[in-house]
Amino acid sequence: MALRRPHKPRSLSAVPALAVIAMLVAAWWLAVIVTHSAIFPTPWQVLTGAYELARDGTLWIDIGASLMRVAVGFALAVVVAVPAGLWMGWVAGAFETLNPVFQILRPISPIAWIPIAILWFGVGNASPIFLIFMSSVFPMVVQTTAGVHTIERRYLWAAENFGVSRATLFRRVVIPAVLPQIIVGMRIGLGVAWLVVVAAEMIALRSGLGYLIIDSRNAGNRYDLVIAGMAIIGLIGLSLDGIMRRLERLKIVRWRYVH
Amino acid sequence: MSTKIAVRNLSKSFDTDQGPLAVIDDVSFDVGDGEFVAIVGPSGCGKSTLMHMLAGFDRPDQGTVTIDGSANHQPSPKGILIPQQGSVFPWLTVQQNLMFGLNGQPMREKTELADHYAAIVGLKGFEQSYPHELSGGMLKRAELARALVVKPEILYLDEPFSALDALMSLRVRRELRRILDEERHTVVLITHDVEEALDLSDRILVLSGRPARIQATFRVSFPQPRKISSPEIQDLRDAVLRELGV
Chain A
1 MALRRPHKPR SLSAVPALAV IAMLVAAWWL AVIVTHSAIF PTPWQVLTGA
51 YELARDGTLW IDIGASLMRV AVGFALAVVV AVPAGLWMGW VAGAFETLNP
101 VFQILRPISP IAWIPIAILW FGVGNASPIF LIFMSSVFPM VVQTTAGVHT
151 IERRYLWAAE NFGVSRATLF RRVVIPAVLP QIIVGMRIGL GVAWLVVVAA
201 EMIALRSGLG YLIIDSRNAG NRYDLVIAGM AIIGLIGLSL DGIMRRLERL
251 KIVRWRYVH
Chain B
1001 MSTKIAVRNL SKSFDTDQGP LAVIDDVSFD VGDGEFVAIV GPSGCGKSTL
1051 MHMLAGFDRP DQGTVTIDGS ANHQPSPKGI LIPQQGSVFP WLTVQQNLMF
1101 GLNGQPMREK TELADHYAAI VGLKGFEQSY PHELSGGMLK RAELARALVV
1151 KPEILYLDEP FSALDALMSL RVRRELRRIL DEERHTVVLI THDVEEALDL
1201 SDRILVLSGR PARIQATFRV SFPQPRKISS PEIQDLRDAV LRELGV
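First to last, the sequence lines map onto chains A and B. The first sequence begins at 1 in the working numbering and counts up by one. The second sequence begins at 1001 in the working numbering and counts up by one.
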């Protein structure tokens, strides 16, 4: 049986983290009061600003717009990256042909694609979706390919020994063996996607959390709304990662994370 | 007893940075139908390589492995290899693992067969468990059951008990002996544990250090169940250990 480190109840383990956050907020508040800043908001002003946005509905529209762009771009990336990664991992020729191209495209920051995105897709939704796709597809391809390459030989041999068909080999051995790595790739990909959507929305468009931040600054230095937007981006990013982490707890991939 | 496996002049070397390294050198032996042959030898002498060639996963540089009179080079459910590190799929439950090699039968028959063999190896009640929820001994039993369920004619066991503690090793061994008394399989067992070989096998082949050659052969004709502490078996044990240079 696997030994587990004894851990405290969940409710208690969050206490130190919450304490650090509370201290940071307190320090921020104190700093604003001490320096008599006219422009930098207190935490309370940020909260009331966010409340105001929530009440008139623009906050929900912006959150919805950003999430929709991430969902579409990320879903497209998964649909392309997982089969491509499996193929490149399984067929040596595909790896040798495509890997150099991916390795050259991968280090290019998604921000560098913005001018081309605008040129190709204009300033509608297609541009940020394209940027999200470009940013999240490569980490997922790389993880999936590596996952196939690291399948242990003993499992492939066992499948061969039992004389199963190629389809069964793929469905019952290769894909489940790689699934934990695919999920890691998806976590990385979704994290990058969320970073990029905000950056992309700052350039163009009339909605989204990135637009909210830039627009709040331009329309009368509403720094309370700027910071509210930043905090909301952080919290949503945290929830998205939390959702991906839940996937790691699925029974079918638990084996990889239990040691 | 007709010949099941005929090994003739098997040689194998691996390429290394220092040139070719001979691992198996001109090994020949027969395994009879239903016979239990144990191969013992010092660790790192190429026992696993020999086993991989017998099971068809690796090709010899020279020589042949003939099974039932036909040169066999493809792994098939006719002979199941149980590798040293185990190969139970961690993403499937015990039941799904046992059903993995079953083809053709209707679903209900498959689950019945799987559960039957799970019960035989003492895993009743753990059919829905995942491998990481099992102990090392239970994992080996699951591995054994998964092999037995496809009714292989030959079992290739590569140090199947070496990862288990002494007590668990003895238990799984007893279990295996009991199953083999009911279902006749031809078995090739690789081990470095002489007592294990004396307990289970009909014949012991002693391999030399690298490159491996067959150094000696001992017939083990004591009836089952055997008492390892009996003087005759202890004498044989000493003789085998002398061959191994201990």
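Do not take every clue at face value.
[Unchecked claim] Residues on chain B that point at chain A, a partial pick, calculated with CB under 10 Å:
(1) Phe1014
(2) Thr1066
(3) Gly1069
(4) Ala1071
(5) Gln1074
(6) Phe1100
(7) Leu1102
(8) Gln1105
(9) Arg1108
(10) Lys1124
(11) Gly1125
(12) Phe1126
(13) Val1150
[To be verified] Which stretches of chain B does chain A cover? Using the computed rule of at least three CB atoms under 8 Å from a CB of chain A, they are:
(14) 1016-1027
(15) 1086-1098
Since the hints were derived computationally from the structure, they do not count as laboratory data. Keep in mind the model is a prediction, meaning the values are calculated, not measured. All C-beta atoms, glycine included, are put in the ideal place defined by N, C-alpha and C.
Hints not upheld, ascending by number: Numbers 1, 2, 3, 4, 8, 9, 10, 11, 12, 14, in rising order.
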